[in-house]
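Q: Sequence:
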Amino acid sequence: IENTIDYQIAENEKVSKELLLKLEKSKSLPTLDAFLNGGYSGYSDKFTFANKDQDWFGSSLFGVSFNIPIFSSFMRSASTQRARINLEKAEIQLTDVQEQLRLQIATAKTEYQYAIEDYENKKQNLNLAERIEQKNQTKFFEGIASSFDLRQAQTQLYTAQQEYLQAMLDVITKKAELETILNITNP
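Residue numbering for the sequence shown follows the numbering used here, beginning at 17 and increasing consecutively.
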């Protein structure tokens, strides 16, 4: 189940909602900001900035800001609750996706198993139709059976062959569907 695209999308959605909840919770934590700015300035009536005798004046600025959130008119609490609800929705969606995938996998396995059993049944029917056609052909050449009986046996043989080929196709199709659901790729 973990290899399927739908599961991975739902899992990523859950992880993103967990991170958003952490972000909303972190907004109630104190913050500490610091900054440092520095530079040099030169003043002159003429453009002499390339002159090495030019006077340059250095300046620097350092600052610290400490912020403690005390009251935010319940907006922070509401956004945290909203993020928590979104996380719960994502968890429920992940569970739903898991259940849907389990159901799809079980259905695909059952259909594949049924296709194999149907294939085996059609194979036995084909063998039986071949024997009946051969016996009717022998009877026809010996004069015991009519051409109608032979033609009917041949028609049944052709029908059995067609059903056998259809059963083969069904097995291949159901196997491909199961591999698609399980996200299995064949080299």
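If you are wondering where the hints come from, they were derived from the structure by calculation, not from laboratory data.
Careful, some of the hints might be misleading.
Said to hold, decoys possible - Quick list of in silico lysine-lysine cross-link-like pairs, DSBU-like style, CA-CA up to 30 angstroms:
hint, residue 1, residue 2
1, K125, K191
2, K105, K43
3, K151, K138
4, K139, K125
5, K62, K41
6, K38, K62
7, K151, K139
8, K191, K139
9, K138, K105
10, K41, K125
11, K125, K138
12, K38, K105
Unchecked claim - Across the chosen pairs, the derived CB separations fall in these ranges:
hint, residue 1, residue 2, range
13, I121, K38, 13 to 21 angstroms
14, A50, N28, 51 to 59 angstroms
15, F51, T201, 47 to 55 angstroms
16, S88, E115, 52 to 60 angstroms
17, K41, N199, 30 to 38 angstroms
18, S42, D69, 36 to 44 angstroms
19, T175, E195, 54 to 62 angstroms
The beta-carbon is built from N, C-alpha and C at its ideal position, and this holds for glycine as well.
Q: Among the hints numbered above, which are violated by the structure, and what are their numbers in rising order?
A: 5, 6, 9, 10, 13, 14, 16, 18 and 19
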